[in-house]
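Visitor: So the chains spell out like this:
There are 2 protein chains.
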Amino acid sequence: MPSPLMECVPNISEGRRREVVDEIVSAASGERCRLIDLALDPDHNRTVITFVGEPEALAAGVLELVARAVERIDLRTHQGAHPRMGAVDVIPFVPVRGVSMADCVALSREVGEAIAARFGVPVYLYEESASAEERRSLAAIREGEFERFPDKIKDPHWRPDFGEPIVHPTAGVTAVGAREFLIAFNVNLATSDLRIAKKIAAAVRFSSGGLRYVKALGFGLEGRGIVQVSMNLTSFRKTPILRVFDLVKHEAERHGVLVQNSEIVGLVPREALYFAAASTLQLEDFSPRSVLEERIEEAFGEGR
Amino acid sequence: MPSPLMECVPNISEGRRREVVDEIVSAASGERCRLIDLALDPDHNRTVITFVGEPEALAAGVLELVARAVERIDLRTHQGAHPRMGAVDVIPFVPVRGVSMADCVALSREVGEAIAARFGVPVYLYEESASAEERRSLAAIREGEFERFPDKIKDPHWRPDFGEPIVHPTAGVTAVGAREFLIAFNVNLATSDLRIAKKIAAAVRFSSGGLRYVKALGFGLEGRGIVQVSMNLTSFRKTPILRVFDLVKHEAERHGVLVQNSEIVGLVPREALYFAAASTLQLEDFSPRSVLEERIEEAFGEGR
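Protein sequence lines, in the order shown, are assigned to chains A and B. Remember, my numbering sits 15 above the position in the first sequence when you count from 1. Remember, my numbering sits 15 above the position in the second sequence when you count from 1.
For the record, the hints were derived by calculation from the structure and aren't laboratory data. Treat the hints with caution; some may be incorrect.
When chains are identical, the list treats them as one kind, so a pair holds in a single copy or across two.
Claimed, not checked - In silico SDA-like cross-links for lysine to any residue, where the CA-CA straight-line distance does not exceed 25 Å: (1) Lys169 x Glu309; (2) Lys264 x Ser305; (3) Lys264 x Ser302; (4) Lys230 x Asp300; (5) Lys264 x Thr295; (6) Lys230 x Ser305; (7) Lys230 x Arg87; (8) Lys213 x Val274; (9) Lys264 x Ser294.
Turn these sequences into a full structure, and let the hints steer you where they fit.
Guide: Here it is in structure tokens:
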């Protein structure tokens, strides 16, 4: 049996000082809590860090990361385009293999409680871990950001799930939760007309009447003379990537515009590609057991 | 580093007596020469056996299989729809990972030589292993079948690559070679008109002007009231499965017919699905390193 694996994707409020990011990341990463992706964004002044590991090793690693981030990041002087409320802004746990969403929820609670107890940083549980419906949305929790959180946290409605209702003076507050794997998927359109990208984003996203598990915005791509529909697919099994792509393409054609190409930002689960292929090829009864390498791994008991 | 792996797909001339097939297969299979697929065909009276293993273990296993098949199969009494010339009719080696086509060719020669020396079965090298251009085609070697091989083998033009030019009295002759992974891909059409399937097969296959690495036939599917374009894709990197599917679909539409569905017979390499997905999604600069699980295997050094 392969060992159980989760993904954990802490977002920290530092995306400019490479040496600080490296110090924070290396505090967490090791043999059993593996760094698999790292994306610094200087404009956002934020870094998205992707670890994979067995649950307990991942939890231990992430607590080391929080320890170092609380020491090294001071939100009182932080500026960046992306909204944020904490030195470690958000910590989602994601099932990868051999673990359930319930396992991720349980681990997120354990880590959240430890963060509040060890570092004095109040913690909110969000998404699948949320203690109330209105706390599922990270955006709702983060509203007001670091600067206005000292007031918000006194509202009994916004009492933290762990820790006292007192914002950490330099590290703010942190959201910890569990969610499904998120695919960041951008479709580039062969036009410079930003209004078209915005219209298509509005057509496909859930919030304005589109597909259930799609978030979307329209952007211009500076210097390339084209526009982009930038999306997060928050549940790729229920709202598959190919259906999203086909809808964007179809909507674009209504405006006389073709899709130039598309891109995955970060990583995509293998299953999402298998099912896009099976769908486009109209494969009847496709299962991953039809894949040579899956059968080999099964035969040799690899992937442990 | 993962260990090097090849696939080997012996076809034996026995597809009815399950106990004989099991005996022959179990002579070969073990820890290091793993059976991953087995397809008995009673109509063809033939079984396609798929092993995967490290090259030397695979070679040793296959020689045990030949030993048992030569003992247990008597071509003098063999009947079946599929053309055949030997108890073990053909043994292709296929690169899977960490081995080149040249490695497969070298192993096929080694195994071919051993078969002739140990069992007195003359061996022809075919496809990538062929000693002359006209021997690349298995169909050309097999022409005349078991019954007419005693004459054919005396023709200096058809002298075997290994062994004396004397057909084994009960086990015939065997072809051994190296080739790329072959995808067996069928597209089912929502019509009962066999002529349409045959026309489309003729349009897409190489031999009559179609795509370079496609073999195709049109069949009726008894009892289902539909027809099928049944294909072998002999080089899926050069003639990708999605391009083949799209062409079949497009040709069908010319006849006012839709694709009902399609099916993979046996196994499909992961890469073929990745690239079908990337192509249909117009993914720019896709590489397997964008796949979560590939990155995890890389990070944890799994797949050894």
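Visitor: Taking the hints in turn, state whether each one holds.
Guide: Verification of the supplied hints:
| no. | hint | result |
| --- | --- | --- |
| 1 | Lys169 x Glu309 | neither (53 Å within a copy, 46 Å between copies) |
| 2 | Lys264 x Ser305 | between (30 Å within a copy, 22 Å between copies) |
| 3 | Lys264 x Ser302 | between (27 Å within a copy, 22 Å between copies) |
| 4 | Lys230 x Asp300 | between (30 Å within a copy, 23 Å between copies) |
| 5 | Lys264 x Thr295 | both (15 Å within a copy, 11 Å between copies) |
| 6 | Lys230 x Ser305 | between (32 Å within a copy, 21 Å between copies) |
| 7 | Lys230 x Arg87 | neither (32 Å within a copy, 63 Å between copies) |
| 8 | Lys213 x Val274 | within (15 Å within a copy, 35 Å between copies) |
| 9 | Lys264 x Ser294 | both (16 Å within a copy, 14 Å between copies) |
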